[in-house]
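Chains as they are written, first to last, in my numbering: chain A, 1 to 78; chain E, 79 to 263.
Be a bit skeptical, because a hint or two may be false.
Straight-line C-alpha distance at most 25 Å; calculated SDA-like pairs for lysine to any residue [unchecked claim]:
{"#": "1", "chain 1": "E", "residue 1": "K223", "chain 2": "A", "residue 2": "P34"}
{"#": "2", "chain 1": "E", "residue 1": "K223", "chain 2": "A", "residue 2": "T38"}
{"#": "3", "chain 1": "E", "residue 1": "K223", "chain 2": "A", "residue 2": "R44"}
{"#": "4", "chain 1": "E", "residue 1": "K223", "chain 2": "E", "residue 2": "S207"}
{"#": "5", "chain 1": "E", "residue 1": "K223", "chain 2": "A", "residue 2": "P56"}
{"#": "6", "chain 1": "E", "residue 1": "K223", "chain 2": "E", "residue 2": "L122"}
{"#": "7", "chain 1": "E", "residue 1": "K223", "chain 2": "A", "residue 2": "A39"}
{"#": "8", "chain 1": "E", "residue 1": "K223", "chain 2": "A", "residue 2": "P35"}
{"#": "9", "chain 1": "E", "residue 1": "K223", "chain 2": "A", "residue 2": "L65"}
{"#": "10", "chain 1": "E", "residue 1": "K223", "chain 2": "A", "residue 2": "R46"}
{"#": "11", "chain 1": "E", "residue 1": "K223", "chain 2": "E", "residue 2": "P191"}
{"#": "12", "chain 1": "E", "residue 1": "K223", "chain 2": "E", "residue 2": "A188"}
{"#": "13", "chain 1": "E", "residue 1": "K223", "chain 2": "A", "residue 2": "E66"}
{"#": "14", "chain 1": "E", "residue 1": "K223", "chain 2": "E", "residue 2": "E193"}
{"#": "15", "chain 1": "E", "residue 1": "K223", "chain 2": "E", "residue 2": "M183"}
{"#": "16", "chain 1": "E", "residue 1": "K223", "chain 2": "E", "residue 2": "Q194"}
{"#": "17", "chain 1": "E", "residue 1": "K223", "chain 2": "A", "residue 2": "V53"}
{"#": "18", "chain 1": "E", "residue 1": "K223", "chain 2": "A", "residue 2": "G42"}
{"#": "19", "chain 1": "E", "residue 1": "K223", "chain 2": "E", "residue 2": "T148"}
{"#": "20", "chain 1": "E", "residue 1": "K223", "chain 2": "E", "residue 2": "E209"}
{"#": "21", "chain 1": "E", "residue 1": "K223", "chain 2": "A", "residue 2": "E43"}
{"#": "22", "chain 1": "E", "residue 1": "K223", "chain 2": "E", "residue 2": "F192"}
{"#": "23", "chain 1": "E", "residue 1": "K223", "chain 2": "A", "residue 2": "L61"}
{"#": "24", "chain 1": "E", "residue 1": "K223", "chain 2": "E", "residue 2": "L237"}
{"#": "25", "chain 1": "E", "residue 1": "K223", "chain 2": "A", "residue 2": "Q36"}
{"#": "26", "chain 1": "E", "residue 1": "K223", "chain 2": "E", "residue 2": "Y208"}
{"#": "27", "chain 1": "E", "residue 1": "K223", "chain 2": "A", "residue 2": "P58"}
{"#": "28", "chain 1": "E", "residue 1": "K223", "chain 2": "E", "residue 2": "R189"}
{"#": "29", "chain 1": "E", "residue 1": "K223", "chain 2": "A", "residue 2": "I62"}
{"#": "30", "chain 1": "E", "residue 1": "K223", "chain 2": "E", "residue 2": "R152"}
{"#": "31", "chain 1": "E", "residue 1": "K223", "chain 2": "E", "residue 2": "M150"}
I should point out that these hints are in silico values taken from the structure, not numbers from a laboratory.
Chain residues, written in single-letter form:
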Amino acid sequence: MLTIVPTASSRKPTEPERLQVVQPEAVVREPALPPQVTAYLGERLRADYSHLVNDPIPDELIQILEALDQKRGLGHGR
Amino acid sequence: MAVELPLRQEMLDAIPHLRAFAISLSGNLTYADDLVQTALMRGLQNLDQFQPGTSMQAWLFTILRNQFYTEMRRRRREVEDADGAIAGRLAVMPEQGARLDFGDMQAALARLPFEQREALLLVGAEGVSYEEAARICGTNIGTIKSRINRARARLAELLDLSLEEDLGPDRLVKASLFMHVHAIV
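Isolated chain E (complex conformation) (with noise of 0.2 Å):
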């Protein structure tokens, strides 16, 4: 079967989409184009299980993102046999590939873990409600907008943000160290 005309023009819609989420996710624009690729032909195969009606785009960051997980865990796992637990944990990322560099915001960003970032990009970038983002993360709203809220506060502390406004612990040890060691001084 021949792939329908509105479809076909929904998934070419949803690629920049696809892209933009791919690359913020995983931070290599090399791989985010592999994912992509493999999320187009996965949805090309099993067309017959997308519902008319719902989104295309929501069903493609599905598959998108649950290709990123599965791809992560394999490669995980085969840096673990290879060189042991501690090389794991540094090589989760494919080495080739050209890296973004696109200054604080995305270093910041790569340093939240992927469920927090995964969450902020699709409610706070892309613009998707917390039930279509629970959806796509397989989880529910509660835990989307947990995620979002402890994205947010990192991203903050990262880019150094709520120093004016915000007298955090942090803050306050500081302040109170400072005035312990002028005391004794």
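Chain A on its own, in the form it takes in the complex (with noise of 0.2 Å):
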């Protein structure tokens, strides 16, 4: 059974209130790295994780939606 599917729009109303809290975590000194560094790490984050969006999607995961589609079709149509 699924208990917890928070939708973006279920979050929303507490979003304000939510910003005013203090951030504990953001209030602990932050170390600074040069900017060539960030950009480096940037690059190669973007470029690992490109290479894995554009790998080929296993059949099983698209098959999901078709299944799903199938049976939803005919419970409709009884």
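Reconstruct the complex from the two isolated chains, following the hints.
This is the structure:
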């Protein structure tokens, strides 16, 4: 059974309140990286990630959408 | 009700991104595909909760991410019950399945705490806004920014990137130790 599925919209009303809450993690002194290091990390991250995004998708994952389409279609027809 | 075509297309378009996120987050290809599969099925089952006009991808990311943390907590609990707390810390991830071997960046990512890893992946790799990342992770923008800063700092350290530019405390300590030792000798 599904218990936790927050939707983007269901969170929206509490967001303004949340933003004003004290942010303990943000108060901690942040280490400052040289901009070229940050830029380099960003490039490496995006390169690795786009490699993964462009990986062929396993058929099983696409079939989930198709299988459920059919099941729902039949149920609706009755 | 059959899934409407545009929504179905949006789900389909989200799959490569869900998969890249799940792989980078878990570091385990087999487990990542399980996560994506479950997220898609839950998304379909709960499609009536999806707000049209909002991002389908962000919605599915939220489902997948919550699923991941729920399973992590459950797995940790099970292992702790069986073998005690130390084993629990060691065996958080599923054992089976292909591990990622992409090199030093993935290895360094895998050493970040999950919360830092997901924030960095969402904003730095996937390119979602701080605001959207905060919604997906159930936190606020300040926390997301802080996690990303710490993630970057740790990655730079793990990848040995900041040696030339950064004279941090460690280097200063080493430098003064070096001088001290030489003064004695």
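Distance restraint between E:K223 and A:R46, which requires alpha-carbon spacing of 25 Å or less: holds (18 Å)
Hint consistency between E:K223 and E:E209 [alpha-carbon to alpha-carbon, up to 25 Å]: holds (10 Å)
Straight-line alpha-carbon gap E:K223 to E:M150, limit 25 Å: holds (24 Å)
Pair hint E:K223 and A:Q36, alpha-carbon separation not exceeding 25 Å: holds (18 Å)
Restraint status (C-alpha distance of E:K223 to A:G42 at most 25 Å): Distance ~14 Å between E:K223 and A:G42 Cα, so the pair holds.
25 Å limit on alpha-carbon distance, applied to hinted pair E:K223 and A:P56: violated (32 Å)
Straight-line alpha-carbon gap E:K223 to A:A39, limit 25 Å: Holds, at roughly 16 Å.
Given hint E:L237 paired with E:K223 - CA-CA distance at most 25 Å: Holds. E:K223 to E:L237 sits at ~21 Å (cutoff 25 Å).
Straight-line alpha-carbon gap E:K223 to E:T148, limit 25 Å: Cα-Cα ~24 Å, so holds.
Distance restraint between E:K223 and A:L65, which requires alpha-carbon spacing of 25 Å or less: At roughly 35 Å apart (the allowed maximum being 25 Å), A:L65 and E:K223 break the hint.
Pairwise hint evaluation, A:I62 against E:K223, where the allowed Cα distance is 25 Å at most: Answer violated: E:K223 to A:I62 is near 34 Å, above 25 Å.
Satisfaction of hint between E:P191 and E:K223, Cα-Cα up to 25 Å: holds (15 Å)
In this structure, the hints that do not hold are numbers 5, 6, 9, 13, 23, 27, 29, 30, in rising order.
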